[in-house]
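Take the two lone chains and join them into the complex the hints point to.
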Amino acid sequence: MSEAVSALNGARYEGIAQIADAGPVGMITLRGTFEDEAFGDTLSIVAGLALPGERRLSANGDRSLLWMSPDELLLICSYYEAPRLTEQLAEALADTHALVLNVSDARAMFTLTGVLSREVLAKLSPTDVAPDAFAEGDVRRTHLGQVAAGFWMEADGTIRIVCFRSVAQYMFDLLCTVAVPGSEVGYF
Amino acid sequence: MSTRLATGGRLTDRGTQIEFSFNGKRLKGHPGDTLASALLANDQMLVGRSFKYHRPRGIVASGPEEPNALVGLGTGARFEPNQRTTTTELFDGLTATSQNHWPSLEFDVGVVNNYVWRFLTAGFYYKMFIHPRPFWKHIYEPFIRQTAGLGKAPETEARDADTYEHFHVHVDVLVVGGGVAGLQAAKAAAEQGTSVMVIEQTAHWGGRAPVDGGTIDGQSPENWVNETVQSLANQENVTLRSRTMAAGVFDHGYVVAYERVADHAPGSEGPRHRLWRIRARQIVTATGAIERPLSFAGNDIPGVMLASAVRDYVVNWGVSVGDRTVVVTNNDDAYRTAITMKNAGLTVPAILDARPAGGGALMAEARALGIRVETGRGIAKVKGGKRVTGVVMCDQAGEGAMLEEIACDAVAMSGGWSPVVHLWSHCGGKLIWDDAQAFFRPDPDRAPTGQDGAPMVVTAGSASGAMNLKTVLQDSDMAGKTALKRVGGRPADSAAPLVDTQDEAALEPVWLMPQGARYALRGKAWLDYQNDVKVSDVQLAACEGYESVEHTKRYTTLGMASDQGKLSNINGLAVLSDALGEPIPQVGTTTFRPPYTPISLGAIAGEARGKVFQPIRRTPMHAWHEAQGAKWEPVGHWRRPYCYPKAGETAEAAVHREVRAVRNSVGMLDASTLGKIIVKGPDAGRFLDMLYTNMMSTLKPGKCRYGLMCTENGFLTDDGVVARIDEDTFLCHTTTGGADRIHAHMEDWLQCEWWYWQVYTANVTEQYAQIAVVGPKARKVLEKLGGMDVSKETLPFMEWKDGTLGGFPVRIYRISFSGELSYEIAVPANMGQALWDKLFEAGREFDVTPYGTEGLHVLRAEKGFIMIGDETDGTVIPQDLGLNWAISKKKEDFLGKRAQERSHMADPNRWKLVGLETLDGSVLPDGSYAVAEGVNANGQRNTQGRVTSTYYSPTLNRGIAMGLVHRGPDRMGEVIEFNTVEGATIKAKIVSPVFYDPEGEKQNV
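Going line by line, the protein sequences match chains A and L.
Under this note's numbering, the first residue of the first sequence is numbered 1, with each subsequent residue one higher.
Under this note's numbering, the first residue of the second sequence is numbered 1, with each subsequent residue one higher.
For reference, chain L alone in the conformation it holds in the complex (with noise of 0.2 Å):
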């Protein structure tokens, strides 16, 4: 039975009680418990049900690196899965349920898979599921999703209670990790006045140093690490974050760490999670190490747990995992364990080293505290089901023959421990084998390195493979003087602390206990609990040819999912060099990559949820558009009204309507989205020259060209009218799509091709707004408003004229995308709601109609106006849309041009542009293909064009539509037929694209 103990606990408010509730059973903690530590003081030592064989699993560890006590936390707008109970701070009113479980976590009937083992090894789904092809599909995943899988995700319609945000800072140096070694560290570097950082995963300062014991500078090491942190606090320079773990070290010293500022408080308020985003020009990862299990049969019984984790949570907690606890150790540090529960006054019933000579100083304290002490021994087996009832003592250098039977309630296990390289490794840094310690420790050679080519990590403490209080205090001291010198400091000339502590006897790697367990041992000895894979999983896996590690990796899942394989990597590596025959440095590490524990998604979404979810870019009549009830269309960032609906009316019969208005009385468009560049400079004309296909240096100012842009290799990427303003300046219109991008491209061509050319470009895009009044009576509008004369006469078509319309300052523009009599008029955007206003107002006696992109689309196809985007694709170029016309052929060159020629580009065959009429007056559908004779090689039928626009045209009464059509224009008349969903075909002639007034004799009024 695990209990909370008389006394002890250095964490914990032992004078206050709070509440929490674990699968609806009410529970008693203290202010300070790990959600763990509480389920153990009050004997929960079941928290889960395994991932493939849904066998009772309890706490192992008391930190991150706890692959079974995960859960799901909270409830509704605050539920979560597969939140670790180690690292989970407790409050009053938690609630948590266990998981991959039914009916019950005492009653499973998935543990049938676990009588079953024998046939779900490695591999077996693979094996299994893949024939017959469809049944994956329709029924094994289905079912496998069902039963297998960690916690389960929050209720689709619950939407998360919390905030989040980032936060981005620049330092000198930081320090990841705030046990001894990053205090120290901190304090070396903080010399000198460098900003320095320190960030700690948990709530609390030191790390395990006061677990472990020791003296530093003659104190014991909590006080030590109190005074440290104070005189630290105390520095103007030095930023102390707890709760904040640094998830991945990218390029350029910048590091990603996950703040939980209110996990621990929830519904506080301010943000839950906080991402911080810091550029170090130093990183200095003092991150500990973390102790490995060992390999013996039953070693995933509840109450099996890491022998630190076991002293942990007598010393940080006050509560012990059982009455009498064996432990099981390859090394001198997990007698700390026996002689810490001695002296909490419970029972070590035996140390069963593998050792054959056994340890050290800390041997002989156990034994003279009359701890029984087997050398040469380990544990064949464990004996319990959901908890720990016994081990089975056997030789560790035999198979596994019994000895002798220990009752006991908990086993405590050190294979050895693992420094945390995981940061050092995602930017590169490189990892050495270490033999007389038996594990991997970056290599000071071979560090990640910064832009500069100089290292940007240094690694401090038990991280480097320092692995006593001594050794980890004289290397972070000496990492953070590293750190300090790289930022261009000068390190202060002093000692690191005075430290005392027990030297320690040698590790004996144990990849496997006993070392030649038969195989019905084997196959239930976990490497990996989190994966339910097993020593027999690995070794299969070496037989079936697998011999790269990430490869056996991703087979068996060794080292998948939350944890990473924190407790099983290196043990499934160790097992599976043995399988391959070849040394562990040859074997090799899986790739360690961010984070280094699962962080929010909240977090990194950070505040951009919401209203602020993604930007929302408003012309300035925006608010007065959605007064009206306007549909929107999103128009890259841009809303744009699609139509406006009135009360009772659909989409289409609105459009419908502000088409007829358009072509009979006039109409307003807000047309303020369209791409404004000024371009000036004594070298305008000639750059402009080489951005269009046409000739724009022959514009006279005061006049409008349509122009067309291609990329360099000649397809159409944008088009617009530009107008000359003066000698020296022209306005290119764009897209509205195409402002930002149009902008680039113009400044990439200037900055690195014609740097020597005197252009500047200027993007006013939103200076204006500009209001497109359209239509027979547009003109009487303007002259309601006066103060400009825009008759034909004065402004004629495809001119402009800056002026004052109404008390307004504007220019405006003779151009048109309709086909009709048309005014685009630019007023500063601060005035554009008042004009609109306006003009609506003067408008009213003529019935004038607001009207949207979608009007806008049927105006334009009606004319046989091409569509950046519909007619154009990336592919197109402007021959193919029979607009030779806007191509010059007396200019030497143009962006484009050359591409052009090439033979593909010029070849007739090419499918070109034509409109093109129903014969029964339907539409065509979007995106339909023309049909062709024959089918081609992969069973299709064979296509002979394309629509690129198609509407109901309420002018014409009819169905219009735009293709691409191979060789089009020489097949007037010709009746095609298209594709539908449906499967039939509709037949269609090819006609001119330009359905409506081909003269264009309504424009020019």
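Chain A extracted, bound-state conformation (with noise of 0.2 Å):
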């Protein structure tokens, strides 16, 4: 198979945060009714991961698995194994009304780490970042500037951010333009 590239190709940047773009990651997006015991429980047996609570993530070693909504969740895995983990997923949901679609592509992801993270989101997300309202394990669908994203903090404080391919460069420069040194609000 040939090399896959991300969009940005490992740019980064340090300003109040420190931003960079996280390569080709697997992202597998899941729909099926959360209800049905079958479903949860071909996630667990197949990728190992537990149906996560509303706007939370679970995660086992390497992969995670986010809430996207009520009926959707995304998975993230390694890049190179998604195409197979989703035919092992399609398959053995393929009695039930389920979709699972590799998106690993579709997707740009960014990793933002530093003590001022928060201040980066919420000069650019509407959302109640303040730590009491976003810690370890939530998940956050949104927007940031003008286009769709999600985020999710890990368990050691790294924040995520996913955006569409095609806005991979807009949403770089934003996340850096907005944490150039000397803009620290000051405020978490």
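Hints are computed from structural coordinates only; laboratory data are not their basis.
Quick caveat, the model's predicted, so the values are computed rather than measured.
All C-beta atoms, glycine included, are put in the ideal place defined by N, C-alpha and C.
Incorrect hints may appear among the rest.
[What the hints assert, rightly or not] Short derived list, chain A residues pointing at chain L, Cβ under 7 Å:
# : residue
1 : Lys-123
2 : Tyr-170
3 : Asp-173
4 : Val-185
[Said to hold, decoys possible] Okay, the calculated beta carbon distance ranges per label pair:
#  : chain 1 : residue 1 : chain 2 : residue 2 : range
5  : A       : Asp-41    : L       : Pro-701   : 27 to 37 Å
6  : A       : Glu-37    : L       : Lys-700   : 33 to 43 Å
7  : A       : Glu-37    : L       : Glu-236   : 38 to 48 Å
8  : L       : Lys-700   : A       : His-143   : 32 to 42 Å
9  : L       : His-264   : A       : Asn-9     : 38 to 48 Å
10 : A       : His-143   : L       : Lys-890   : 41 to 51 Å
11 : L       : Lys-890   : A       : Thr-142   : 43 to 53 Å
12 : L       : Pro-266   : A       : Leu-51    : 47 to 57 Å
13 : A       : Asp-36    : L       : Lys-700   : 27 to 37 Å
14 : A       : Thr-142   : L       : Thr-3     : 50 to 60 Å
15 : A       : Asn-9     : L       : Lys-890   : 49 to 59 Å
[To be verified] Derived coverage of chain A by chain L (criterion: at least 3 residues anywhere in the stretch with Cβ under 8 Å from a Cβ of chain L; other residues may be distant):
#  : stretch
16 : 24-36
17 : 93-107
18 : 137-148
19 : 178-184
Structure below.
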């Protein structure tokens, strides 16, 4: 297989927080009936991941499962295992009404680290990112600047941001613009 | 003369000197000064010329209500007009220029207007400049624009040197105003860990309490403020933000606040302004009150100021407006100014108190200091031109006969106070007229309400109408506790701080001074300084029949422009109410709209400028196109190559070359932007049968079908090829601009109408890079990559196959939008560029040519293929375009079916699609109309059709066009005429829209 290249190919920036292109990442969209026990069981057996609570994620090693809507999940895994895992899940869910799609290439992912990460988010997103409202394991689907985006916080405090691939450059420029040195707010 | 006093100035750092310039004059000030205080310290009483009469104007106020002292601030990339000197913090190197005068501030020829004021009354412009009609546009307007107006716009080529940003926060309680009321409210609300944010528009906490005196809990207000701020700052749940003004209150507790981060330190790192977008569960408005001027003749002469401002300048900045200050008032508060002046060693020749009985304890104190107090007196007129030289004292009850002329340098006036009710009113809070105190105040029973119908704003302190320190603190303590209760907290069982302050005698409303002032006096008694509106103007408007305060505002301009009548509104509507003979509450107020004071456009735009002004969507091959020098075309937010001109080649020539290459050999197109939506589920076929006009459920897996989508009103909204992936799964291609819209359209119907159908959709547009390899040599190129059988037998027209092409996991569609042999190859986006490179390399021996959207358009037009947005415009149904073959007659229903059967839709007289061939081979102008006999009711030429697509066809070497023509398909061979901008018409023959390969042999090889 040919080498896959993420939209921004590893771009980085350091301002009041650190922003980095996360490179190619595996992402699988899942739609199904959460109330159906078989759906959750399949995810657990095939992917080793538990159904997350509302606006939460569940993690297991390098994989995590993110709540996207009452009938949609996003599975994060390694880029190279995504096609195979998509097939396995689709096969296991073949008898139920469900949708499994590899969307790894449709997105761009960025990591946001540093103590002022929350400020960078608050400059762009209307969601409440105060520590008591947004903590480890929380997932938000919202917008950053003028484009749709999702972000979540991992166990080590790293924030991951996903957006559509076509606006990767805009997202990176946007994050860098609001993270310029001297723009600390001192709020959180 | 205004000057710096030897001592005093609690906000200034007297030990440090900084320099600034005003109209090129170098002046000195101190850190902590406002530009206004520094100008006064340098005896710069005259700071601008008035809007209409070009009268000399000076500083009136000490805060955001200032109407006159607006300047152009900064230079070049940092120039900004209409900046308020009273809210501009002085910094070293500040450059200010005065506005609205020519040739100079001291000598302004526009002042001639001042001498013809009798003719420049309210409505003058409306009455004078309406005839003759054409004169307005060509003569009057350009002239008026040049002479009227305040500041000048920045230079055309100047670009703002600063950056701006937004910041979103969610808090339980937002307290607006950092005076003693706001601080006490915050203190009361911040119990129990509620999140509280306090914002203050100035750089200092405490508001005007430190100037006005009294004691709080046995301390001076200043000490109490310092202690309270310190203790709030120590609380983790409290955020304090100075230099931050609440600009507006909106639905759902949404507040926009404007932080002036670096106005006082231009050029420093970081943003200049920050726009706070705050979601608050409760809002406490502790916005204080604004003092009202008195309306007497000459009340606009530099040196006439609000009484509170006069003492602010002494106490806060150590600046006296004049050695001799006459105080004129209708209330007790202004006595504080007289006492302050006297204690600062200055002279108060007289206090003219309009109330016959005078005031209370403060009057006694003033008299004890030896100040002359005249009760029942007012000012008939102020003497002076560019500065005050004296006042003419008269009886308030009379018509203005002179009793005595009193020499002075300044006049401190007070007509009472008005609570700042703006924020309360922005989102629907109602006001009541308080007769005793003569002001509108918030009606606590009719607060702005949130989504739950419960109040979301509570006022505190003077903003509630509490006018002395004691009631201010009691009211704000209660306000804080109310807010806390409303967010679910339990307020502490504590009492408001103990306050010691002087009792004040009641005010007496004075709307005109003297009450019987003659016309000549009324014509010089200003209500609105910024717009040059006088008492006589409002009275004239009432005489002319203006009854509504909103209409009077527009007619007279009272309360318009950048100060929005902060000083003038109440006085103006009191004059109006008197002229109409109606009580003030009946006349009402004009509408309070955000922003409270003007905020910068930069702050509103935030980070959205330059490269992040708007998102540009890029395909995986964007960089390649850019490197090839592609000429871009915006398609939605996407940038698509329009064509790829070679060095020295025009865009037109490039398009012709690209089209010929596709027809004769092979071309490559980046088709990644086309929408791709997965539709899956047991009901997917049924769902698509409803969405498309033709039958999709009968499509076999592995096959493709072109489909049309209509709105429920029957109009064609999108088209594209549907591929059936498996029994349950379809992939729907949409137009580039239609991807998000059609996905939303699908979800709308699924979620709202057919929610019980088992269908999932997903927009996978960006998962794939899609590359079209098009032309007679296309197959050869793919074969060179190898890995897949792409022969006609294995992969025939309108089918698709998954496989590995040249090592890439691909899905190949045999679909064609050009009429040529064509493969559209979808590959995971991250490999798009690599596959493109490989195909390009393989195509080199066939001289493979990348082509852009214009080439694509020409190719499809030669084939008579329609384009959504060209042949459709929201009023066109598929039947108009001769697409009846794609409309199922078997299906019981689909979106648009019923609408298309309605009489106007089925009318044979509709304009229908045909091809158009000019007789002379020229290209018809885009958007040209086919003319018909006669003219319509408006005298316009009748029409019988219009051009929808028109191009030069490099294949046919002539102009080709498509158009909608009245009964077009029935009129084949007929010659009709199309108009041109130049006036002549062009003859064109009605022909089939398929100009090239009508049998479709070339795409099916």
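Each hint, compared with the structure:
no.	hint	result
1	Lys-123	holds, 5 Å
2	Tyr-170	holds, 4 Å
3	Asp-173	holds, 5 Å
4	Val-185	holds, 6 Å
5	A:Asp-41 / L:Pro-701: 27 to 37 Å	holds, 29 Å
6	A:Glu-37 / L:Lys-700: 33 to 43 Å	holds, 35 Å
7	A:Glu-37 / L:Glu-236: 38 to 48 Å	holds, 44 Å
8	L:Lys-700 / A:His-143: 32 to 42 Å	holds, 41 Å
9	L:His-264 / A:Asn-9: 38 to 48 Å	holds, 42 Å
10	A:His-143 / L:Lys-890: 41 to 51 Å	holds, 43 Å
11	L:Lys-890 / A:Thr-142: 43 to 53 Å	holds, 45 Å
12	L:Pro-266 / A:Leu-51: 47 to 57 Å	holds, 54 Å
13	A:Asp-36 / L:Lys-700: 27 to 37 Å	holds, 31 Å
14	A:Thr-142 / L:Thr-3: 50 to 60 Å	holds, 56 Å
15	A:Asn-9 / L:Lys-890: 49 to 59 Å	holds, 51 Å
16	24-36	holds (count 3)
17	93-107	holds (count 10)
18	137-148	holds (count 3)
19	178-184	holds (count 6)
The structure agrees with every numbered hint stated previously.
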